[in-house]
Amino acid sequence: MITKKVDGVQNALQGVKSGMTMMLGGFGLSGIPENAIAELVRLNINELTCISNNAGVDDFGLGLLLQKRQIKKMISSYVGENAEFERQMLSGELDVELIPQGTLAERCRAAQGGFPAFYTPAGYGTEVAEGKETREFNGKMHVLEYAFDADFAFVKAWKGDTAGNLIFKGTARNFNPNMCGAAKITVAEVEELVPPGTLDPNQIHIPGIFVQRIFQGEHYEKRIEQRTVRQKK
Amino acid sequence: MALDKNQIAQRIAQEVKDGYYVNLGIGIPTLVANYVRHDIEVEFQSENGVLGMGPFPYEGEEDADIINAGKQTITTLPGASFFDSATSFGMIRGQHVDLTILGAMEVADNGDIANWKIPGKMVKGMGGAMDLVASAENIIVAMMHTNKAGKSKLLSNCSLPLTGVGCVKKIVTNLAVLEVTPDGFLLLERAPGVSIEDVKNATEGRLTIPENVPEMNI
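Taken in sequence, the protein lines are chains A and B.
So the first sequence is residues 1 to 233, counted in full-length UniProt numbering.
So the second sequence is residues 1 to 218, counted in full-length UniProt numbering.
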């Protein structure tokens, strides 16, 4: 059996260098690769291009990399929860490319599945489509969007086995499965790493072929951004 | 009397039909879920990857792994499902979602919508709004008819950067229900106690007023 298991986050991030393009899974703070982000901070590499739907909050998620000015460019769909991000963006220190959320997901999936580009109606007639090829299909206008080209994808799953097979939980799934196999090297961190044969093959969300390295993460904080509750009657 | 936000949501809820899959945006649209009839079956989709959203969890039962597109903790109802972001936008782009309800800063009388960016202010991003408006067949916009300065938000041309072109079909404001037609806005209903003159004065874009404009039923 092919094994993807590596010992700990330091081995998992071997080869990561300044100037690289990284995909990071997660929506808001849900399903973010907490261990990989902490290691990127520790490695103190910079000039990174980060493809991630959001940019974390000031003191968590990608906000930790922003604090240390390790990010040169963000490619995201929504970045509204982070004051340091705002400061760097307005001062011009940080380059920001905002793209529609579905386009972001599809550019990942295209890279994963070997499509160089695709047409989507999203953004037609808006500034997102400026300078891009457009084409009419069935009477409706579409914009040509390209697959991402990234060096590393960092994803977080709930359970995984040493063969690299992954199972996600709840809405922590989000962009994580789409980023698997969408970069040259996919690093998966999981809450629980089990031996092969433990997970039911029928229940696997992402087959191990899309994952190059897997490790069991530690100390998950799983911070909640908007705690909303109702009272028991 | 002009409607408040809850009443706008209440009126929009009447547009939600049995068997609909519905995507609700942030703000007034989120309130619509509170007013949907209990004798029909509806499933709410949140574009971060859940169908079959339920109410907020009881205190102590919040789960960081189960949130909605506003990053709020939620619960799921029997029959719910989770999925990845590409699949989620496949539901939207592929027109499997029956109704999209979202807010707007401006709408033009040709159906253009602006709701993501104000030049000179911090830009947070479009999130899923551009995908939603470009793809959905059935879009209802929930908004105030005028801004805080009293200026119309129903215009002949949007002044703000667009989110999508020619996509809005129906608008429910604090003053009226309007349809977007090839001839501009068509006034369908007015809020209780609001006159046709009030709607006219608050609408900058082309407005067609039929002979009979009933009051909303709320």
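What the hints contain is simulated information worked out from the structure, not anything from laboratory work.
Glycine included, every Cβ here is placed at the ideal spot set by N, Cα and C.
Heads up, some of the hints might be wrong.
[To be verified] According to the in silico footprint, chain B covers these stretches of chain A (three or more CB under 8 Å from chain B): (1) 108 to 121; (2) 167 to 180; (3) 188 to 196; (4) 224 to 231.
May I ask which of the numbered hints given earlier this structure violates, with the numbers listed in increasing order? 3
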